[in-house]
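Enquirer: Residues per chain, in single letters:
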Amino acid sequence: MHDTNKKRKTAFIDGSRLITESCVRAGADIFIGYPITPADLLYKYAAKRYPIMMAAPDEITVLQWMSGFAATGHIPVTATSFPGYALMIESVNMAFMMELPMVIILVQRLGPATGTATLGAMGDLSVVNGTISGGFHLPTFAISNMKDCWDLPTMAIETAVRLRTPVVLLTSKEMVMNLCSFDISKLEDISKKHIKTFEREEEYYPYKPDNDGVPPFLPLTQNKYQVRLTASTHNMKGILQNSSLEAINNTKRLHNKIINHLDSFSFYEINEQAGADTLVVSYDVSAQAARKAVYELKLTGKPVSLLIAKTIFPVPDVYMDILNKYRKVIIAEENLEGQFRQILFGKAGRRGVSGVNGIAKMISPEAIIAEVLK
Amino acid sequence: MSTAKYLTDSDLPFCKGCGHLLVARNTEKALLKLGFDPLDVVLVTDIGCHGIIDKSFLTHTVHGLHGRSVALAGGISLGMREPGKKIVVFIGDGGATIGIQHIIGAAHNGLNMTVVLHNNMLYGMTGGQPSEFTPCGFKTPVQPEGSTNEGYDICELISAAGSSYTERVLGIGDYSDSLAAAFSTKGFSLVEVMEICPSFGTKSNPGLKLSSLVKDAGLEVKVFKCTNKHRSHSFIKPTESNLCSEEHLIKKIFETNLKGSVSVSLAGSAGEGIQLAAEFLAKAAMKSGLHVTKKGSYPVTVGVGFSAADVIISSDPIDFTGILWPDVLIITSSDGLSYARAPAAGMKNGKILIDDKLETPATEAEIIKVPFRKRVGEKNCSLYSIFWFLNTYHYLPIDALKQVFLENKISAKISLEKMMEV
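These protein sequence lines are chains A and B, in that order.
If you want the numbering used here, it's the position in the first sequence, counting the first as 1, plus 58.
If you want the numbering used here, it's the position in the second sequence, counting the first as 1, plus 111.
The following block holds chain A by itself, in its conformation from the complex:
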């Protein structure tokens, strides 16, 4: 048997290292941080690795500085947890409206309020889903294992830059703070991402989109064309409008540019077993338990399919196609009442759909197995 071990490069590292390295290689050149547990390691590594790292005095300033940096052509990243994210929300809306690319790494911990800073959780899905007033979507990815710590940050940056939007990278305490043995020899190369800039010899309208629905960018540092950025409802020139048709169409475009490109950033892991009538769905840290549960069930002769959602928002259409194939769907997530389940199926739910939920401790493979066998 071929011994692949010889090529292995096994490191003893945590996910925060991979996330930070991935962001920087993808072109993120500035990290602005305000310290908060359990995002501490991301802050620590940022100080070692980003070309520029800055300590902001509060989380509102974090987002405002990030927006300023983005407006001058940089790609900013921050990492926070719920209390910090809550302070950022109005400014995230501003960045969304101004179409400024950036990545916010949200490391979930047990709430409400300050809760328990050193306990993991998956309780912020609803907050992230409702971040943008009006029901607009922030592209949101969830890290489900160490490999995702390498793959998804670069996808987040690529999406932020390509669609000119803030992107949320959702994770939780265990994903970013646990140390583990991890083979780094198979990590794929990452190329720098660049924002599409306006290069035509014609009048520049800061919010006039190309065919892809995304306006080409010009930084405030150049002095060839006037740039207007605004958080208020505006026309293509960036002039404040009450509700002109052009302005409202521009606002609708902010929604459409995300939705119309959803297929290009729909990331998930699917393991469909022949003969399975049950699908286990999970994401983030509970995906670990889901993988183990499905593996152990297979060993006992019980075929169960598995969907690990990596793109969380907007919910990819393909998830619906997959979910509809199964009589029984079990969604495992570390929160009280199944936030992702309610987003997928609504309050009314669907016959055959159930959740494995809980707070203050990780969802276990045993709990998922019990729900499958129920």
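There's no promise every hint is true.
Coverage of chain A stretches by chain B, computed from C-beta distances (three or more under 8 Å per stretch; other residues unrestricted) [said to hold, decoys possible]:
id: 1; stretch: 105-117
id: 2; stretch: 229-240
id: 3; stretch: 263-269
Just so you know, the hints here were simulated from the structure itself, not pulled from any lab data.
A virtual CB, placed ideally from N, CA and C, is assigned to each residue, including glycine.
Since the structure of chain A is already known, use the hints to place chain B on it.
Expert: Frame of chain A; chain B shown alone:
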């Protein structure tokens, strides 16, 4: 003087008699005097009557959130290191109220911008409510008897914070020289323009003169002395070029017969090396060719209370990093015992290695009492417990742990022979 245009030809969007109009005209005049290319100027505004001016400026314009324009301009300033650029922030007294921390912070950090504070002493856009800048006695529609609080003296505040140029002017006539002085100052500068809102201030305070209002409020019209030297904000520079470099690799050197997985939980006190001991155990397992995960648990305070760690060692890849009930639970202190009572109670089998001075927790696991603390003292008891564990039960080659120990600088301070005593 430049002949560039900074304002459009259309009427400016302010109420008749509003001092904001003069701010715009004086700003244009000051920029003309200094000769800035309009597109080398970034005007940052926010919410409030002052903010509707941006459509009239031919500079770059950025229109942000209420009170956050100084923070937004801070990011622009920090991201724009090209020489010859000018960042001007327009903010009202309402915005300065909600965003005063940003103004003080920008002055403190010497962020390169000029803030032009349009202080008409109330929230004009929402109906004339008092702000934190409303002087005592100044009447507003919601306080017809007059404000009972003193307003901020922002110029004194930011001078103390480190503003490089600070001036208060009456918003009457030509004060473009004051603005030009601020615009040409490196670092942070602020000009507070005193105004009375014609819609709410004048109507609520008929006949009140701006000059006497400002004087009676104890607000001096002058250039304020810079009480701090100019400072410039510095970035934290990178020290590493690859966070996943080969220095983090651990090569397999030792052999082990371990098949399947073993979960080990350590529970002790902060400051007694629990996390380090768990990392040593994990690294020893990696040197033995095994997969590992290590999770730390602790209260939010760093130096007191319990410290606990879960280590999973496995011959197979580890999907799930949680431990329901550990196979081995090591308890080295009373803090650790308090934390570990729940997992101990859930253990139906396995081993609990516990310091011999601690009471025995309720459990169905095998209890092994070891004088961890007595043998090596509290500081090293966690590390010793790992040595004792492997020396006694041989889950991993003890030489792997010894090598991890010797590779760490801690080996210069702690006797390996002492660690190896059983």
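Enquirer: According to a criterion of three or more residues whose C-beta lies within less than 8 Å of a C-beta of chain B, is the stretch 263-269 of chain A covered?
Expert: Answer violated; 0 residues pass the 8 Å Cβ test.
Enquirer: Using C-beta distances, would you say chain B covers the stretch 105-117 of chain A, given that this needs three or more residues below 8 Å?
Expert: holds (count 11)
Enquirer: Counting residues of the stretch 229-240 of chain A with a beta carbon closer than 8 Å to any beta carbon of chain B, are there 3 or more?
Expert: Since 6 is at least three, the answer is holds.
Comparing the model with each numbered hint stated earlier shows that hint 3 is the single one that does not hold.
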